[in-house]
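Sequences are here, hints too, so could you generate the full structure?
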Amino acid sequence: MNMIKVNLDTWLQLLGMIGVLSGLVFVGLELQQSQRIAIAEQQQAMAAASMSLLNSFIESGIDHQSVMWEENFDYDYSEAEIAFRNNHHSVWYVYENDFYQYTQRLMDESTWLAKLAGIERIYNMCSGREIYNRRAPIFSEEFRAIIESLPDKCR
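Throughout, my numbering is defined as the position within the sequence shown, counted from one, plus 2.
Rather than coming from a laboratory, the hints here were simulated on the basis of the structure.
The beta-carbon is built from N, C-alpha and C at its ideal position, and this holds for glycine as well.
It cannot be assumed that every hint is accurate.
As the list claims (entries may be wrong) - Estimated spans, in silico, between C-beta atoms of each pair:
hint, residue 1, residue 2, range
1, T113, M19, 37 to 43 Å
2, V69, L26, 49 to 55 Å
3, R107, I64, 35 to 41 Å
4, V96, Q34, 22 to 28 Å
5, V96, M19, 47 to 53 Å
Following this line, the structure appears as structure tokens:
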């Protein structure tokens, strides 16, 4: 009788320890997810700040590419060309952020595939390739690898 009680106490202690360990694992996973979300929010905030800067160029009718990337203050582009070039920059900001969200598992696969189709489309707008080429060195290697694995219709 005493032997059974000890075994029952041991089993209850073991189950209690398993419960505590399971709780700790759950809390650890929650903390990891919270950290991932916080970093993604920082990435989102940086993209928003970049878009805000770009919007000031758009509102002023100034070519962002020429001024910020080429230090060319004497460019000769039409309003439509400037709008196209500035829009190209804004789309790359969005797609770069989308890629980060996807890699952090904060975007589902079907949404990412739709974004990837958009990335392929803008990558293959040959008149905007110069903008991609200037921006590519500041993209993550992983993002560049995805883009440059797409069919290239501008070669």
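Status of each hint after checking the structure:
Distance hint for T113 and M19: a CB-CB separation of about 42 Å, consistent with the stated range 37 to 43 Å. For V69 and L26, the Cβ-Cβ distance of about 53 Å falls inside the hinted range of 49 to 55 Å, so the restraint holds. Between R107 and I64 the beta carbons are some 38 Å apart, a value that agrees with the proposed interval 35 to 41 Å. Separated by about 27 Å at the C-beta atoms, V96 and Q34 satisfy the suggested range of 22 to 28 Å.
One distance hint, 47 to 53 Å for the beta-carbon pair V96 and M19, holds here, with the actual separation near 49 Å.
Checked against the numbered hints above, the structure breaks none of them.
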